[in-house]
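> Those sequence lines, one after another, are chains A and B. Position 319 (the first sequence) corresponds to 956 in our numbering; numbering is contiguous. Position 77 (the second sequence) corresponds to 1407 in our numbering; numbering is contiguous.
Simulated from the structure, these hints should not be mistaken for lab results. Hints may contain errors.
Claimed, not checked - Taking beta-carbon pairs under 7 Å as the criterion, some of the chain B residues facing chain A (in silico): (1) LEU1358; (2) ASN1362; (3) ARG1422.
Because the structure is a prediction, the values reported are computed rather than measured. C-beta atoms are modelled at their ideal positions from N, C-alpha and C, and glycine is treated no differently.
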Amino acid sequence: MAQTITEKIIACHAGRERVRPGEYVEASVDQTWSDDLGAPLTLGLLEQHGIGQVFDRERVFITSMVNAPAQNAHFAAVLKQIRALTGKFEIPLYEMGTAAIHNSLGIEMGRTLPGELIAGGNSHACMAGGLGCFATGMGSTDIAAILATGRTWLEVPRTIRYRYTGTAGRWVTGKDLMLHTIGRIGVAGADNAAMEFCGDPVNALEVEERLSMTNMAIEAGAQNAIIEPDAKTLAYVKDIATRPFAPVYGDPDARVSEEILIPIDGLEPVIALPFLPGNTRPLSAVKGTRLDQVYIGSCTNGWMHDMRVAASILKGRRVAGNLRVIIIPSTTKIHHQCMKEGLAGIFLEAGAAFSMPTCGPCIGAHMGVLAEGERCLSTSNRNFPGRQGHVRSETYLCNPAVAAASAVKGHLCGPDDL
Amino acid sequence: MAPHWHRGKAWFLGDNIDTDQIMPTPYLGLKNNEDLAKHVLSGNDPGWPGRLGKGDILFAGLNFGCGSSREHAPRGLKGAGIACVVARSFARIFYRNAINIGLPLLVLPQPVSGGTPGQDAWIDLEAGAAKLHADGPALQGIAPPQIVRDIIAHDGLMPYVKAKAAAAQSA
């Protein structure tokens, strides 16, 4: 029987010829990761249950990336404990001079390859599906069980196929296609499903813009999101792959639970207003909105591609005096590349703060937490109440070009308004 | 089988309560459930930690626990002594996390209306049912899949995984 790409990857990792949506299976995991939020719980569970070593040290890594570099003495103690535990279990730890957001680092290190099954300890681990793997996010105990056994249980998701058609307006990115989609289907619109993205507009996207789409599948409640690998994907992973891999493609006659057509003709950049990622508006409907802060970064939009877009708009311009602008690449390699290409200079000359990798402001941890009543325009992924700071602060979500233009203007606008 | 009704105070929440609201980011350095309980749901309303007590039952709407994968959210609810979270639907990661650590959940798709915060409610975890009045109708929830029942029967995922490994070894 014909199967979707998601079903094929799960079947292969469950030692099965085929699987059906709604079935429960146990599958092997090719790669997992955790961070300074989850690792103390995960590694604590291994200790508590007398598990002396992880299933494969090549297939796990940990990043201290949220409250690192230590933002206070409390988190300094947490980070110190992580160093001790990763040392004990001989798990690679990335922090400080190798700091990165794990969801991005797994991709950059070539450890999330087409056809693989990825279960990361973070809700946005689903991003890797943009390369044609099955990738899903899990909590600390699930990751502990994976570290102990190399396996996990899954409910085979039904596949909802999103077929994009048409030609969008200028400055519309993968991020906008995804915000538009979530706005249309709602924050549980793909509850527990596999979101499969296809169509000419998706094919036309750079790989890193596709990753911004799959990153936010969790904001529609999906179990995973996936884009079949093409020549661009294979070129992207060719030089970074750390192990052999075999791309998987869905059968042309595979049945999906639903196919949703998403015409994007005339689509403008999309903004998600507080307090749901699905509370979307076209940019033109919210132009002029007052802002206190602009944040360009996060695992969603902290890619090199995003940095270049932001720099192309900020070059030779100054950010408005009435707001704070923070730019944070998602990995040290990207940070370094921004220096080498002269982007760091452009950001600093524009008057933006340019920092080493951290999740900090996206998650309201540090490096740009919002006060009561403040509003941030952010290229990150979610805007629930209090996400970036005080319970009565507000987050508007957008793409990096809109963020950079708004940073210059001092209020919400698009690059064509400069 | 005779019903096993547990009585507890009922509290009500809306749709799309995400895990940042259940356990705000500043408290994610805390590790034990009782410490986390002091801050549980404070991102929704700072009054929640003082209101919630042992044996209480939370009634929520759709997509409870969406957003971040932080396991500190169900751990905080467990630390507060919540007997069960009843919701019209749960976000997948929260659902797994709660089952994995032994926080009881009940999926009750129909909306529960007309409740007064702090009133008595009843929950029967074995039968998977809830009611808002002692003599009221039992609202039947959806039975969890076998794998989830097995994990619950082992008091969480890690004991379940260890038991399976031991069984495989002796086989």
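> Decide, hint by hint, whether the structure agrees.
Comparing the hints with the structure gives:
1. LEU1358: holds (5 Å)
2. ASN1362: violated (10 Å)
3. ARG1422: holds (5 Å)
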